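Below are the chains, spelled out letter by letter.
Number of protein chains: 4
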Amino acid sequence: MDALKIGLIGSGFMGKAHAIAYHALPVVFPSTTKVVCEIVGDATEELARHAAPNLGFNRWTSEWREVVSDPRVDVVDICTPNYMHKEVALAAIAEGKHVYCEKPLSLSSQDSLEMVDAAEAAGIKTLVGFNYVKNPTTALAKEIIEGGEIGKVVHFRGTHVEDYFADPMAPFTWRLQRGYAGSGALGDLCHIISMALHLVGPITDVCGDVQTVIGDRPVHGAIEEWARVENEDQAHFMARFANGAIGTLEVSRIATGRKMGLTYEITGTRGSLYFDQERMSEIKLYTANEAAGRQGFKTLLLGPQHPDYAAFSHAPGRCLGYIDMKTVEVRDLAEGISGLKPLWPDFRAAWGIDRIIEAVLLSHEQRRWVSLEFPEAAPEG
Amino acid sequence: MDALKIGLIGSGFMGKAHAIAYHALPVVFPSTTKVVCEIVGDATEELARHAAPNLGFNRWTSEWREVVSDPRVDVVDICTPNYMHKEVALAAIAEGKHVYCEKPLSLSSQDSLEMVDAAEAAGIKTLVGFNYVKNPTTALAKEIIEGGEIGKVVHFRGTHVEDYFADPMAPFTWRLQRGYAGSGALGDLCHIISMALHLVGPITDVCGDVQTVIGDRPVHGAIEEWARVENEDQAHFMARFANGAIGTLEVSRIATGRKMGLTYEITGTRGSLYFDQERMSEIKLYTANEAAGRQGFKTLLLGPQHPDYAAFSHAPGRCLGYIDMKTVEVRDLAEGISGLKPLWPDFRAAWGIDRIIEAVLLSHEQRRWVSLEFPEAAPEG
Amino acid sequence: MDALKIGLIGSGFMGKAHAIAYHALPVVFPSTTKVVCEIVGDATEELARHAAPNLGFNRWTSEWREVVSDPRVDVVDICTPNYMHKEVALAAIAEGKHVYCEKPLSLSSQDSLEMVDAAEAAGIKTLVGFNYVKNPTTALAKEIIEGGEIGKVVHFRGTHVEDYFADPMAPFTWRLQRGYAGSGALGDLCHIISMALHLVGPITDVCGDVQTVIGDRPVHGAIEEWARVENEDQAHFMARFANGAIGTLEVSRIATGRKMGLTYEITGTRGSLYFDQERMSEIKLYTANEAAGRQGFKTLLLGPQHPDYAAFSHAPGRCLGYIDMKTVEVRDLAEGISGLKPLWPDFRAAWGIDRIIEAVLLSHEQRRWVSLEFPEAAPEG
Amino acid sequence: MDALKIGLIGSGFMGKAHAIAYHALPVVFPSTTKVVCEIVGDATEELARHAAPNLGFNRWTSEWREVVSDPRVDVVDICTPNYMHKEVALAAIAEGKHVYCEKPLSLSSQDSLEMVDAAEAAGIKTLVGFNYVKNPTTALAKEIIEGGEIGKVVHFRGTHVEDYFADPMAPFTWRLQRGYAGSGALGDLCHIISMALHLVGPITDVCGDVQTVIGDRPVHGAIEEWARVENEDQAHFMARFANGAIGTLEVSRIATGRKMGLTYEITGTRGSLYFDQERMSEIKLYTANEAAGRQGFKTLLLGPQHPDYAAFSHAPGRCLGYIDMKTVEVRDLAEGISGLKPLWPDFRAAWGIDRIIEAVLLSHEQRRWVSLEFPEAAPEG
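Protein chains in written order, with this note's numbering: chain E, 2 to 382; chain Y, 2 to 382; chain W, 2 to 382; chain L, 2 to 382.
Extracted from the complex, chain E is given alone in its bound form:
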């Protein structure tokens, strides 16, 4: 297959992360489908003109519609603010482009469903940037679980807690407005939901509690003007999984001290796994079949025997970083679009996550459990 030509929209920090990954891709994974950084778009001429050389793209535009309609573009990569995802994606789909979109997919499950329907009707391929499931440590966890090494999973405890809004004086931004961001911590930090689905399987019922702790924030950090925060600072919910396991999931943007608190503990009948993204290159494994007095959680450091690691280093313990995880993601993108393997999580999967978020919000409002009528299919891959 020919190289995939990427049209990137949005050259902020996430666009940059994607760009680094595109440039690293052919060297890290030399036998995979090639990509070309064809064109980058951003909101102003100023931003876009700099983006091309800075992100290593061939061309630039300040009109995102030029990206989606560009005949030389195969894949539209959407790194815009959340509220634009839908419009851009639908336009790209209408042009028959494959779409790689950052999470959350849109501002509501209804919007997401429109996007799913459009994509599926057009027969184009999609991938959503739940990059933490691309961490080789996650693949290792999946291998351990699917190999039966911890028995049947009975419990999941997951968190994605950070503290970027812990300071009550942190200024008001679009992330705090429903019309631009949708939900708050739930949408921002729904990575933990993707992890739960990926590792334990579909969620059938949820019951949650949601809270906006800091109700007003200063505009531009000025203390004279305050704006009302419109979405949640923290939330947690109980979940029931299709396979019979139960669990709790927690998100927070005010978890003072936690910088990348994406963690899980998965308990099985014969073992357990513990992971913390702040130490993303290791996982703790307990297996009950060790000799008496020799049982304990074992710290596995990523090494060449583990999925994808050998592409980065020939020796164990060298540590992978955030960018490396994105490189695995764009490898999956390239291989998925070129038909070498299924893409996950695609729009449909992301819509499932939106529906879980909305079910949590509904359960909170009505103070009861909410069933997900069409439980998501187990993720592939």
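Residues from chain W shown here face chain E by an in silico Cβ test under 7 Å; the list is partial: (1) 294; (2) 297; (3) 300; (4) 301; (5) 306; (6) 307.
Don't read these hints as lab results, they were simulated from the structure. Treat the numbers as computed from the prediction; the structure is a model and nothing was measured. Even glycine gets a Cβ: it sits at the ideal position worked out from N, Cα and C.
Knowing the structure of chain E, use the given hints to seat chains Y, W and L on it.
Leaving out everything else, chains Y, W and L in the frame of chain E:
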């Protein structure tokens, strides 16, 4: 005040832990009220006769009623199986004895309420063995929270997870029968509820999920005969606290790999605390007021500047153990009964914990939130 | 055998630790030899009079010679400042008493040798308070090594680093004077040498470096008067073991931040062990025979399958503390003196440690390796 | 300045790591000097032909001399086996090329000195791949030390221990032959020496111990044929630093269980730092000036306030990986060669490390301390 004469009922592992603590008490805390190990009772003559020399008690009896009616006994210490707590305690109260009882207080909140009423009517003093709140690390956490060092508490995540029933072939015992144990993991591991109440304050609403994962277990480890497990293996619930904080609490007796997984993370608006009982002599503290680039969780090792530690060692980092925690508990018992300070958690507080457990079970059954109509008073001390 | 009657000399923090252990002993280890806290001596009548009730001793005296000559005393327990050890021990030996002495044994190996010779000539039994080798975690490490689980030991890296003199304004004390303390950090923190000998075996050659970093300290914290520090703040040395392993050992009393930094990593041809006394109830074990991709350091928490732990708790992960370690030590004392097992480390073993310290100091002075002409016998037990 | 044209020699795992870094460089650090992957050479046509597309180089050759003489090459990047470094570097220098060479620089300090002299005479610029000093965590440590946050450094304890030769059946390779590798663990794992020099400053005296534990290894893993190992498996040495600090450094290729055990603890009079490369995105900092009872080692996670991190991520705690460290290194290479800042560690610095290794070997042979007559200048940068 004269020395308190202890009558201990039950000489198993918990009776032994109490006995060690009684013997260590006058040397660890020389200026506190003295105790005398007066009489020990156990179920058979064989057990009781050995208990006296082994636990260092002056006399013994195989009739527990002789302990509660013994005129030389000031305090009845109840270390029997759960189902006997009520009968023994009521008998002791009827004799005007102070009562020190292991948790859970009884098999139901109704039974516990009877015990509370009897104790309060008789004007005797009570203490229930929620020993983990006696860990000096807990006192340090309380000091940090009450001093405002982490700001206002907004979230609590607590677990008490162990794996003593993780093996599906672990034999059937009285702990798995409602008539002898009451609830399962919730009752056994309700220490985490005492921690939440002690550190964050009263809980006003709960909503939980409860599960018996392994429905049948072999009797005496024989595989021909199986018995039905009558109470829960694992449970978790969401809580709302009177002070506005929200949280999750989780208990499990099948948490493969966790031996003493009593942990909490308490998030405040200006800092956070993390604790794990498996490393009971340390606590992790984050405070947001550190210089930029110099923020992080700090591991505080217990030392002489912290509550009660200096009684055990003159130098920091020497580690306290489980028995030391029990020694602090019997110090509190001795000082409480001699009127030097209030006793907490007393029968009333333990009844509050029972009511929370029952509210969790009810919320699970009815799949909804349950309010605790008379929220517990904040713990003293 | 009848109960051993203890005469304790020195009622400071170490005397207190011994006293707690004596009182806990019969309950923790009910089937072991009994001890009686017969008489306690301290330097003044004031101190000694309070010591008896506070430490739970029957009688007291302000004349230590009365302790050693007391016909009702079987064992003299020496918790005085270092410089008195020799005189007291020789007097006790002359009276035919068994001796339990804190470390370091004396101010020089020559003094220690006199003590060894006297004790051996008199046929009395001795034990020196290298309590960290009594930690059940150490016994577990020894069991692992001797069972061949980590193969042949090839390297030892040990530290005992603390920071009690890290503050340059910490006042001058007897510990800084050769005439009262002997060596500095080497003598104070020679626990790591006892660990190396216990776990790896005799040391045959050493080469070290020694440094007094803070040369003068204020007297009584007053800044007008300064006194010269006479012994070392920090030292490290290379060692060669009789079994062919090599290693490094490090001590420091100015290791800012380390409170109980007694650590070791023992590397074998098929596995490794790592231990840190600040987390004294756990040890990390790596064994090379795990499956590919499933290798890693495993955290073993002490539990009932491990040496001595079951005497303290019936369930794993409950944590032992410093006092518990001393209780194991006095159990060994009681059993050793009553002839149930050999005592280690005795005076001879402690003398061996003194000789290692002096060899390190000599190697530093002469900037060369020093051989220990009569390598110590491997420790028993 | 125009883009630097790179000629890479050696397309194995290290050449690949360099290549990934070159490709990531312009996006990670968009404002830095550009590089062009001009030509790659490897030993056979087969290897070289694949290397060009796989590593993203424009051209290829199976004659390394063609790389060094290529007029379109500005910088020769040497990723060959150690024994070729000297010949290739001298040829490149003769052609007036700048040289970027992997460590160790050569097989002996004499060879390295020839290379230093040639480079300095030719006025070309050099950089040696001691990449761990390029970790932003190292830069943070340096900032902390130089800012006086831990006071005056008094002790350094460093290790670089791995286990790639721990298995006695690991087959014989060129790394075990003096003629191809020079020294063994000392040369391979001398990263810890570069860390010590970078963070604490020049070393003036060393005294070490060196050991080949596994004397013979099977050739090609066949057990019929064995070859003699010619260099050391493990070594440790004591060091004295020009600034008065003392320390120990340890290297091992048979440290069972350690995969990337590059660690250091740096003790200062007012604080301490601890680092472990297996968790390369964090560092532990203790500062003595915290409030009483609130002192402890603090885990700093890398974030945007720290050196270079913001180029990789806008948010803290995202983790950097091995490749990111190499990207910082090639950024330094590009900026150094284009004259924006000094290059360190250059050939002269690497020669200094060779001399330390040889001094350690000499000290081992002669069982005495060895002084480094011309102590290395403190590193820049």
